[in-house]
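2 protein chains.
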Amino acid sequence: MAKKYVYFFGGDKADGRADMKNELGGKGANLAEMVNLGIPVPAGFTISTEVCTYYYQNNKTFPPELEGQVNDALQRMEEVMKSRFGAPADPLLVSVRSGARVSMPGMMDTILNLGINDETVKGLIEQSGDARFAYDSYRRFVQMYGDVVLGLKPETPDEEDPFEVLLEAKKKARGVSLDVELRPEDLRELVDEFKAEIKRRKGLDFPEDPRDQLWGAIGAVFSSWDNLRAIAYRELNNIPDHWGTAVNIQAMVFGNMGDGCGTGVAFTRNPATGENIFYGEYLMNAQGEDVVAGIRTPQPINRLQKGDSPEISLEEEMPGIYRQLEDIRVKLDHHYRDMQDIEFTIQKGRLWMLQTRAGKRTGFAAFKIAVDMVKEGLIDKETALLRVDPDQLNQLLQPIFDHQEKKKALDGGRLLAKGLNAGPGAASGKVVFNAPDAEAAAARGEEVILVRIETSPEDIRGMHAARGILTARGGMTSHAALVARQMGKVCVAGCGNLDISYKDRSMKVNGVMIREGDRISLDGTTGEVINGALQTRPSEIIQVFHNDMKPEESIIYQDFQSLMQWADEVRRLGIRTNADQPDQAAVAIFFGARGIGLCRTEHMFFEGDRINYMREMILADNEEGRRRALDKLLPIQREDFVGIFRTLKSYPVTVRTLDPPLHEFLPHTEKELFEIARLTGKSPEDIRAKVESLHEVNPMLGHRGCRLGISYPEITEMQARAILEAACRVKKEGIDVHPEIMIPLVGHVAELKNQRAVVDRVAKEVFQAEGIEVTYLVGTMIELPRASLTADEIAQEADFFSFGTNDLTQTCFGLSRDDAGKFLQTYVDKKILEGDPFQKLDRTGTGQLLEIGVQKGRTTKPDLKVGICGEHGGDPSSIEFCHLVGLDYVSCSPYRVPIARLAAAHAALKNR
Amino acid sequence: MAKKYVYFFGGDKADGRADMKNELGGKGANLAEMVNLGIPVPAGFTISTEVCTYYYQNNKTFPPELEGQVNDALQRMEEVMKSRFGAPADPLLVSVRSGARVSMPGMMDTILNLGINDETVKGLIEQSGDARFAYDSYRRFVQMYGDVVLGLKPETPDEEDPFEVLLEAKKKARGVSLDVELRPEDLRELVDEFKAEIKRRKGLDFPEDPRDQLWGAIGAVFSSWDNLRAIAYRELNNIPDHWGTAVNIQAMVFGNMGDGCGTGVAFTRNPATGENIFYGEYLMNAQGEDVVAGIRTPQPINRLQKGDSPEISLEEEMPGIYRQLEDIRVKLDHHYRDMQDIEFTIQKGRLWMLQTRAGKRTGFAAFKIAVDMVKEGLIDKETALLRVDPDQLNQLLQPIFDHQEKKKALDGGRLLAKGLNAGPGAASGKVVFNAPDAEAAAARGEEVILVRIETSPEDIRGMHAARGILTARGGMTSHAALVARQMGKVCVAGCGNLDISYKDRSMKVNGVMIREGDRISLDGTTGEVINGALQTRPSEIIQVFHNDMKPEESIIYQDFQSLMQWADEVRRLGIRTNADQPDQAAVAIFFGARGIGLCRTEHMFFEGDRINYMREMILADNEEGRRRALDKLLPIQREDFVGIFRTLKSYPVTVRTLDPPLHEFLPHTEKELFEIARLTGKSPEDIRAKVESLHEVNPMLGHRGCRLGISYPEITEMQARAILEAACRVKKEGIDVHPEIMIPLVGHVAELKNQRAVVDRVAKEVFQAEGIEVTYLVGTMIELPRASLTADEIAQEADFFSFGTNDLTQTCFGLSRDDAGKFLQTYVDKKILEGDPFQKLDRTGTGQLLEIGVQKGRTTKPDLKVGICGEHGGDPSSIEFCHLVGLDYVSCSPYRVPIARLAAAHAALKNR
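Going down the list, the protein sequences come from chains V and G.
When we follow the numbering used here, the leftmost residue of the first sequence carries the number 1, and every step to the right adds one.
When we follow the numbering used here, the leftmost residue of the second sequence carries the number 1001, and every step to the right adds one.
Don't read these hints as lab results, they were simulated from the structure.
Quantities reported herein were computed from a predicted structural model and do not represent experimental measurements.
Certain hints may be false.
As the list claims (entries may be wrong) - The list that follows gives simulated cross-link-like pairs (lysine-lysine, BS3-like), each with its CA atoms no further than 25 Å apart: (1) V:831 <-> G:1856; (2) G:1831 <-> V:822; (3) V:753 <-> G:1840; (4) V:822 <-> G:1753; (5) G:1753 <-> V:840; (6) G:1831 <-> V:753; (7) G:1550 <-> G:1375; (8) G:1830 <-> V:753; (9) V:831 <-> G:1753; (10) V:122 <-> V:195; (11) G:1172 <-> G:1199; (12) V:632 <-> V:764; (13) V:830 <-> G:1764; (14) V:865 <-> V:731; (15) V:682 <-> G:1822; (16) V:202 <-> V:60; (17) G:1830 <-> G:1840; (18) G:1690 <-> V:822.
Given these sequences and hints, build the entire structure.
Below, the structure written as structure tokens:
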């Protein structure tokens, strides 16, 4: 039997199912599923992703069996839809759309109204009774086909679409301003002018045979899998290149066939807030792309959403259709047990569903829908956990505008405009008017707001770089809103009052002129656009932490706690935090950290007098001089640790001894240098000489970490004393303190042995003097390849390991974090690296060093406690790897603790 | 049965054997062996090294069984020597000496004449009939015991020995200048004064009971295993601390009992030149330490050695003894099949042998003796190979003085003096008068000659640091001569004409005043000391290479070729060289290299105009500008490769593409900067800005290696083109050329794939244009941990691997070679590292990366060619490791090729 490449759907039966996304893509699989659920869907068929693979492997040709299967499917379509493709009377028109395993909105190409030619257009006029509609459809088809299949689409945003130019010229010639004001003859003329333009530019006759049109469109959609913006999108979303896309050919239904026609998109729940409210938009007498593209701002779907606005909702306009849609909404929401993003078209009073798919949502919404669906009994807790991307939790913690300050700004008349609250959150920044400028400014470290009339897929990188996005056109399902929600960006969309001039790099808003570089603020939760910068204040959850809000007042907080508890029930990894101060530690504990995995002592040496004592120590001529300076630092460090131990109570605290090279503490400016000379009584020349003598060619690989403690044992001694004296004192206060002293940059067991001996000796002395003993551990960072490779030896001297994956990545790759920026993007662009290995742990290379380290360490000590305290400890993919290699805990920055908790739960669930 | 700790030797039977060095130490094992060979040896016994281990593990106490075993052995000694320990009449005196597995000359303590007290001294007078001798022995014993056992020995060279002070005072009081002029009463008084001094300084009564003396001495010798100079010596010679020393207690025989007495040391062959000539020195009426310590310059042992000098040889003085000694010499040389270093004492006309051991020798001698013994049928070729330390071969290649220049210097009256030719070779440098100064000067990069009246074990580090050593006193077996030979240092010893003032830091030599910092030259082959610096010229072997000498004229060259051929017969590893120029490559091929393992292209960019083109390339604003500059470099590079390919002929040539960061090529001074501005027409500000923009925090981990070729493919393209065009051209000349293109700093297979694609594309173009094809390989350096860990992936794109162990060590340890100098010595001092891992490959850590890399690489490609081109490729221990992990070849600098050949043979022989 020949291989099955084509899957039919229509009537009440489909070849495919929802779980066949790998073969049919998301759109095709869900169209099949809807048909099987008895939901009205225009008939059609899906060409499987296998054909895409074949296409790219065989020099852009199709498997020989394909043509026959397409013809068979087309025939079934004709039977179900009771009209014929290419027939002059009552012709069947089709859409040709891409559909990958996961949605890549707007990234690939689509052709609508396919099947029209000079013959069939007459049938269409007859069928619709509307020559204007028929010629408008023809005009749209030729334009789309010319753009997508024949390659007339402009390559940069600045170029104009040649068809748009002709359209504008026609409107001007007819003295009208709107498309709909053009007469059928005008549109017929435009069709001819479009075809002439294609002939002029490409030397091609427009294909009249609908089958030629169809095969051209199929090829163009497959080809669009490898266009630049699709590639960029896949990179950003880690979608493998080899997945390929399916192609869906579906009977056209028309929302623009006059009265009783319309089209819309909706979400089964609110995609921005997650509320269980039917949420959508529609346009009467329009095609679907009009809603998505943001060219006309659509109407609300129901009364609730409409609120006080003078618009007319679908619920009011077509109550019967609305009720039918509402039923479908509930059916789909419950069937898929997830919020759906649906598209529908009403053709002459009949409802057709064109798409359903899991809806993109903000972090807020993902989180709220997941928790709500558990409450509603639709999903279990574990499914809820997997529905929330850990990184999205960030949004719950992101600042909102300070209420007082915002009120003052509004009262002061600084409100510029109000748009749709498409991406919740608060953002302030300088205005830029195009995506490359946003990227460039972000690269310089500036915070920018990207302002566009409407966004398009070409803008993705710029949107990623911006703090917030503001558009003049488009609704809640416009490109800008969709992408912003997915990225977790603050976004105000469809803000009609903006009068943007790209040329002048400025916009007029209600009479106020805003130029490039001026600051504005966006409240993505309310849709307000405010002139000037605004202070932000903490999110609700953070307010609860600060006792500025009671837990019972905040539903967000309560839901957040529920989700975190569910995560705790399934995760195996412990969660600690990287914190150097009591206040940081308190935040982390509030978020669920159960210990400090990395307390860096060097940060403590920069404040106040400390830096001077530190410099005195470094500049000392001998051990005695160093000890004198260290004696001054001792009580200060001890107080620091007392504060931390009191905050952490019985949770363990891992303190790392001094790590950075000493030159980091020395003065860098002449002024500082003279100040230090004055303080130490040394000559500026001596100090300059010392600074120079400490200069290193490769400080990352230099005199730092335990190498300092070995050269100057008195430093380790002072630090051990400060830690252990502090521990003794808080123990006397009744706290069951658990200090863990961590020696950095160990590459050889003898280094750890040497430093451990210092700590153990000091411990004895301290316990003697304090008259009390404290249980303490001595362990090491594993942050050098040699440490991993000899972990069996090192474990003999270590009570615990903590992987320092920042340095481990640097040494494994031979890549300096400080210098890699200059070429890492080239590496990603040329597909040499998938991404920045300092953000997401490189499992193939660096990961082996973790595996080896854990395995060898536990060969020596089967119960060896092993954690991670590099920045990867807060990255979900890296956390999963830590789970897989058997780490005991991850440690991350305080605000990433919730993310780590959820990611640890994901890791446990996905790898059962 | 109780554990055997004590091994007796004496009469004609010994408990031990020569192969029991681990238990008895070298000295004890060989004393036992001599007894078993029927050679006259004073009776005695050896306390085994196990006792030393016990002693250190048990808080410096002895095993309980020891005392009984010592008493038993003492009794057997008394029986054989027919005298009693501690007996007032005819007392037995003993020596107590250390003896480790390998000789550590002068590093540990010795006590002689033990057993004398106020009672037994009378028996000694009776026995010898010489009160002066008896009291002199007593005086020496108390002094030695006081120094060594009771701790009065000065700790620094500047302090005076309190006993010497008293001795000098006595001589002054008696108005005499020599020790021998003191009368017996003077010496008896000195004994009392010495004891009083001990009482005064230490509050101790001198032990009168010989058994107390004995146990004190045994403890002191064991303790001396851990004195600072012994530790330093072990570090320098890689002797493990846990080996411990044995202690030898042996009946004293006296070379200083008047007429018919004497003592000497000799070598069975010449230890400096290796000639098969009995070579030694003796002193009449002296104890052995007088010869070794260099206090009196001894007499030659035979007529041959004496030559024209007015001295009297032992052959003339005591012909019978000499004949007996000559017989023993042949017996030992043949029995041990190796050159022996022997000590003997003649007591009243009777010859006693006190020691035999393998003699220390220069590299010259080691090599000559090994080759000669093969010719003599004493040893086989493989034994001969193992007799030569690969590093010693260096000496055969080291320069000698230019004959013409030296003749001119001598004719010009610049000969200062002539001493003993104790360490062959030529050295010039600034004079320093103490070891710390020598160390400090060497650390500053200065070449110095260390001048001492005599050297002592405290001077070892300074001797190591100096280029040459000159002493005023001591013979061919003095400390200076011995240690210099072992280190391969140029040394002139016993140069009596030097009048050295340590205080004034100057010396007078035949009326010429030489001050600290003045330059002198030493010819260690002739013993000449010459005023001022002298040019050197190549060694004989190098002269053969340059056709300045015919092979048949040089025995050294012929013997060298023999040894190298034997090495080639057993080694498995191939040998290549690291060479960037045809002349370097030619040297390496002469020495036996069979290919280039690393040709660095960057060195080619610094000469002449090239650096300007290079800078033009770097400063270009775009690819076009870079290509323009690269076009100028192309023909130059191509010519370089033509030269190299012509030299290497059919041997493979591995060329590494550009490796260092671009900023290394940019101007560093303002003057250069302005010059470049002039040449490129850019403004100095622009150039300065570019230099600054290329600055890196950690250049070692920065934008270098293949990262450059990936950012700027046009560089790799130009280099590939230069290599392959050159290859095509020499192939047209009839050479079977084998270029291998090596991509540096690969950490990810995609990097290699990217660069390989560039090379392969260029190759196609070049072969097309040249109309000829050349077989070429593309491979990679494995010099990052990630490369080793993912070698299975990388091997998919690599035709060969070459380990870059310099960078691999840096990244494995996280240690910058440029910065490690500041603390590496501390690490060695504190025993954290055994030595510099950049010199000797760290097998435990970095070694694993080699093993993993080879194993994973060959999993993908079983026949993958793997080599090493880091500096470890010329280090014998590292070469052995390369052999063990299955590398195909090592590549090293041209002058280390012979060393590598021999080391590869050693590796094969030792690991069969």
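Tested hints:
Annotation: proposed proximity of residue 831 of chain V to residue 1856 of chain G holds, straight-line Cα distance about 24 Å (limit 25 Å). Restraint check: the Cα-Cα separation between residue 1831 of chain G and residue 822 of chain V comes to about 40 Å, which exceeds 25 Å; the hinted pair is violated. Restraint check: the Cα-Cα separation between residue 753 of chain V and residue 1840 of chain G comes to about 23 Å, which is no more than 25 Å; the hinted pair holds. For the given pair, residue 822 of chain V sits about 21 Å from residue 1753 of chain G by alpha-carbon distance, which is consistent with the 25 Å threshold.
Restraint check for residue 1753 of chain G and residue 840 of chain V: satisfied, since their Cα atoms lie roughly 23 Å apart, inside the 25 Å limit. Straight-line distance between C-alpha atoms of residue 1831 of chain G and residue 753 of chain V comes to about 11 Å, which keeps the hinted pair within the 25 Å bound. For the hint linking residue 1550 of chain G to residue 1375 of chain G, the alpha-carbon distance of about 22 Å falls within 25 Å, and the restraint holds. For the proposed pair residue 1830 of chain G and residue 753 of chain V, the alpha carbon gap of about 11 Å is at most 25 Å, so the pair holds.
For the given pair, residue 831 of chain V sits about 11 Å from residue 1753 of chain G by alpha-carbon distance, which is consistent with the 25 Å threshold. As the CA atoms of residue 122 of chain V and residue 195 of chain V are separated by approximately 18 Å, the hinted pair is consistent with the 25 Å bound. Distance check on the hinted pair: residue 1172 of chain G and residue 1199 of chain G sit about 24 Å apart at the alpha-carbon level, within 25 Å; holds. Using a Cα cut-off of 25 Å, the hinted pair residue 632 of chain V and residue 764 of chain V holds, with the two alpha carbons roughly 22 Å apart.
For the hint linking residue 830 of chain V to residue 1764 of chain G, the alpha-carbon distance of about 23 Å falls within 25 Å, and the restraint holds. For the given pair, residue 865 of chain V sits about 23 Å from residue 731 of chain V by alpha-carbon distance, which is consistent with the 25 Å threshold. For the hint pairing residue 682 of chain V with residue 1822 of chain G, the CA-to-CA distance comes to about 23 Å; that is within 25 Å, so the pair holds. With a CA separation close to 21 Å, the supplied pair residue 202 of chain V and residue 60 of chain V stays within the 25 Å bound.
Restraint check for residue 1830 of chain G and residue 1840 of chain G: satisfied, since their Cα atoms lie roughly 18 Å apart, inside the 25 Å limit. With a C-alpha separation of about 13 Å, the suggested pair residue 1690 of chain G and residue 822 of chain V falls inside the 25 Å cut-off, and the hint holds.
Hint 2 from the list above is the single one not met by this structure.
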